[in-house]
Amino acid sequence: MTKAFLSGNDAFAEGIRLARPQVISIYPITPQTTVVERISEMVEDSSLKSELIHVESEHSALSCAIGASAMGARTFTATSSQGLLYMAECLQYASGGRFPIVMMNANRSTALPWNIYGDQRDSLSQLDSGWIQVYVEDAQESLDMALQGYHIAENPLVSTPIMVNLDGFVLTHTYETVEIPSQTDADRFLPPFQTENKMSMDNPKNLAFSVGPDNNMEFKYLQHKAMQDSKRIIEETDAKFAEIFGRGYGGLTQGYRIDDADYILLTLGSITGLCREVVDELRERGEKVGLLKLRFLRPFPDEDLVAALGSAKAIGVLEKDISFGYEGTVYTNVNSVIAKNGLRLETYNFIAGLGGRDISRENIKAMFRHLQSGGQHVNFIGLGVTIDA
Amino acid sequence: MSKPYLRPYQKPQKLSDYPLGTASEAGYLVTKNSGWRNERPIITDECINCLQCYLYCPDGVIFKTESGLDIDYDFCKGCGICERICPKQAIKMEVETND
Amino acid sequence: MRNQITAKTITDSEFFYGHKACAGCGGSLAVRIALKVLGEGAISVLPAGCMSAVGFNYPHLCFSNNSIISTFAGTASMLTGVEAGARAVGIKNFKAVGLAGDGGTADIGIQALSGAIDRNDDILYICYDNEAYMNTGIQKSGLTPFGAKTTTTPSGENIHGNLRPKKNLFEIVAAHDIPYAATASIGNLKDFMNKIEKASKIKGTAYIHVVAPCPIGWGIPVNETIEISQKMMDCGLWYLAEYENGQFKLNRNPSEFSSIKDYLLSQSRFKHLEDADIKILAAQRDAKWTTIRKNWNTAEEDL
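Chains as they are written, first to last, in our numbering: chain A, 13 to 401; chain B, 3 to 101; chain C, 767 to 1069.
These are calculated hints, taken from the structure and not from any lab test.
Treat the hints with care, as some may be off.
As a list, the in silico BS3-like pairs of lysine-lysine whose alpha-carbon atoms are at most 25 Å apart [unchecked claim]:
1. Lys-252/A to Lys-15/A
2. Lys-1054/C to Lys-5/B
3. Lys-5/B to Lys-1045/C
4. Lys-858/C to Lys-61/A
5. Lys-15/A to Lys-61/A
6. Lys-252/A to Lys-237/A
7. Lys-774/C to Lys-90/B
8. Lys-1045/C to Lys-1060/C
9. Lys-1045/C to Lys-1027/C
10. Lys-964/C to Lys-858/C
11. Lys-90/B to Lys-956/C
12. Lys-956/C to Lys-774/C
13. Lys-34/B to Lys-964/C
14. Lys-243/A to Lys-232/A
15. Lys-5/B to Lys-956/C
16. Lys-66/B to Lys-1060/C
17. Lys-1045/C to Lys-933/C
18. Lys-34/B to Lys-66/B
19. Lys-325/A to Lys-352/A
20. Lys-16/B to Lys-243/A
21. Lys-786/C to Lys-66/B
22. Lys-1054/C to Lys-933/C
23. Lys-956/C to Lys-66/B
24. Lys-34/B to Lys-5/B
25. Lys-786/C to Lys-13/B
26. Lys-94/B to Lys-786/C
27. Lys-232/A to Lys-94/B
28. Lys-94/B to Lys-774/C
29. Lys-1015/C to Lys-1060/C
30. Lys-969/C to Lys-956/C
31. Lys-774/C to Lys-5/B
32. Lys-61/A to Lys-969/C
33. Lys-13/B to Lys-237/A
34. Lys-13/B to Lys-232/A
35. Lys-237/A to Lys-5/B
36. Lys-774/C to Lys-964/C
37. Lys-377/A to Lys-325/A
From the structure, some residues in chain B lie toward chain C, with a derived Cβ separation under 10 Å [claimed, not checked]:
38. Leu-8
39. Thr-24
40. Leu-31
As the structure is a prediction and not an experimental result, all values here were calculated from the model.
Cβ atoms here follow ideal geometry from the backbone N, Cα and C, with glycine treated the same way.
Using the sequences and the hints, build the whole thing.
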């Protein structure tokens, strides 16, 4: 194990190197670019032995990865925002085809208007794509989820692609100290990729076929079931990781000071760090507040939420996203759990950080005040103008 | 010599009858195309085994045997290209009787 | 003199069989022959289109070699991935071959194809050209010829069908300085088979553009598919050529062209054409052949 001062993107690249992907397709887009640049350097200096393919578009990046995965090769690609949307067709192709590809997505706002900074609208618009989605908080978790990602995705009970989301710029380009595991330990954690879902000369197959009305629902049900079954695999993977590397992330969600909390903020990604500090500050003043970090949004951690939030008075969902004409998508998902389980608590939505707008400590304190005082359900945070129209 | 062939098929009864992913055994046929025909080709004694019909059949249903060419009527669609391509008029399209 | 593949020497095995293509389908003949030449080591990639639609309907799967349907725009990039993946997992003696229609190649698939040629990926890309989006019911594509009636270029009083010429995809591919590209037709299987054999041995990207008529879309009886392919070459609206080592070579140089009018009017997709339209086509053909005869190597060789 070595230590290094790395950006989120660099750390993710290290994680990929350790995971030993056999085929990598790359196409650049801000703020993902430094990942594919690092990987190119690693291939050049032979620290990563992989087929590196410079594709001519994001749609091709994922089509190419699917082709390689169909041969039984471990594959990787990365994208962001416009690229993610350009390859949207391929997302469903990969998940329906049950190819366990790991893809890093640098969360970035989607046009129009054009904006290269971080928000979560890109990946949240693709929650129905059939991919497992995890949102990481810091550079260490980025590196670790590259390894865990393959472990989860390639499990034969899962066999589903996984999108690892890093907040654009805030995480992708921020430097932190990171522990880089040894290749020996990484190999101990992650064995080579094996699957039945591939073409081979001994056992020729026809793949990516059509399925009509008579069988289609069963294929889709199998996909859904695999994603439900992945919850257990995600927890087991986290536990195995903790055993070998000494760090765990709590599985689908991670609570912070929630056991006796009356007011809980649900967070996604890098903002979690600042929110924990605010929780600590408010706790110093005697306020019973807590935080629940939503790591995985698909599969959705309903049981975790019921267990964590059951005795709270009010919860707030902080997300960098809005489903126009309604509310934040994560909020919609959370409210469904609350309603289905008859939980008696108030829920509030805080839409913040769109197009890279900063979310401040003061903003977060105001959110906790809102949980306590009540008021409007769906709130845009930090609008810098008077709403006069 | 190998080619895709007819298998006995039963619709899956339980989830585990389905393959993992959209992947399944190559060359696995469950239905015939014989019902498509209005006419069927008959190879006559005029055949000189030049193999042009074998080559130009879009469905590949004309095949070589030790005693000349034969036709897989399970999969012949009756297009008649074989009759047109034959240099000796040794294939005749006849009305399909469905016997 | 190259090793000749003939009906006698080609494998008896069939790799594309039992499919649901229309009776007399040109595309299915092109795919059948290509896979017979390439053999069991072929890993075929087919985009949305006629051949994938008729061959991959679970549980009825008509390819006995490894095959996969690609995204419509991503045939060439999936081929790249298949080839890299096969090598990565240690498979030897395989050939990644794409079998895509004209729409999937010249229109939606052209970007990925250009990228693959640019990378010189070790793949063989075969475009079976039936001159329209036939699988979806005969809509105009970039390779639909001037004057053709399609459902999106209907012919009537005001407009006589498709007004744009056929995109010259063979030369567009050649302009990438691809190691090997060729035109072919199912009307001359000897030529097609031997070009596939030759292309399969290329280390790098190879491209074959094979005309494969659709009787329904072209409006001919289903037993005339081969004859119309031959007429198309005989009247000069299609040519058999290769591009190799930076040079264009014409494989067959007819001393005389057969009647272009006879070729056109024997297909109901052209039957609305007036003499003035046919004159335009004949003039385009003449201009093209003048250029070909001036610039390309026209010494005929037994392929």
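Structure-based check of all given hints:
no. : hint                     : verdict
1   : Lys-252/A to Lys-15/A    : holds, 21 Å
2   : Lys-1054/C to Lys-5/B    : violated, 42 Å
3   : Lys-5/B to Lys-1045/C    : violated, 47 Å
4   : Lys-858/C to Lys-61/A    : holds, 19 Å
5   : Lys-15/A to Lys-61/A     : holds, 22 Å
6   : Lys-252/A to Lys-237/A   : holds, 23 Å
7   : Lys-774/C to Lys-90/B    : holds, 18 Å
8   : Lys-1045/C to Lys-1060/C : holds, 22 Å
9   : Lys-1045/C to Lys-1027/C : holds, 9 Å
10  : Lys-964/C to Lys-858/C   : holds, 19 Å
11  : Lys-90/B to Lys-956/C    : holds, 19 Å
12  : Lys-956/C to Lys-774/C   : holds, 11 Å
13  : Lys-34/B to Lys-964/C    : violated, 35 Å
14  : Lys-243/A to Lys-232/A   : holds, 18 Å
15  : Lys-5/B to Lys-956/C     : holds, 22 Å
16  : Lys-66/B to Lys-1060/C   : violated, 45 Å
17  : Lys-1045/C to Lys-933/C  : holds, 19 Å
18  : Lys-34/B to Lys-66/B     : holds, 20 Å
19  : Lys-325/A to Lys-352/A   : holds, 17 Å
20  : Lys-16/B to Lys-243/A    : holds, 23 Å
21  : Lys-786/C to Lys-66/B    : holds, 23 Å
22  : Lys-1054/C to Lys-933/C  : holds, 13 Å
23  : Lys-956/C to Lys-66/B    : holds, 19 Å
24  : Lys-34/B to Lys-5/B      : holds, 14 Å
25  : Lys-786/C to Lys-13/B    : holds, 20 Å
26  : Lys-94/B to Lys-786/C    : holds, 23 Å
27  : Lys-232/A to Lys-94/B    : violated, 48 Å
28  : Lys-94/B to Lys-774/C    : holds, 23 Å
29  : Lys-1015/C to Lys-1060/C : holds, 11 Å
30  : Lys-969/C to Lys-956/C   : holds, 23 Å
31  : Lys-774/C to Lys-5/B     : holds, 18 Å
32  : Lys-61/A to Lys-969/C    : holds, 22 Å
33  : Lys-13/B to Lys-237/A    : holds, 20 Å
34  : Lys-13/B to Lys-232/A    : holds, 17 Å
35  : Lys-237/A to Lys-5/B     : violated, 35 Å
36  : Lys-774/C to Lys-964/C   : holds, 18 Å
37  : Lys-377/A to Lys-325/A   : holds, 17 Å
38  : Leu-8                    : holds, 8 Å
39  : Thr-24                   : holds, 7 Å
40  : Leu-31                   : holds, 4 Å
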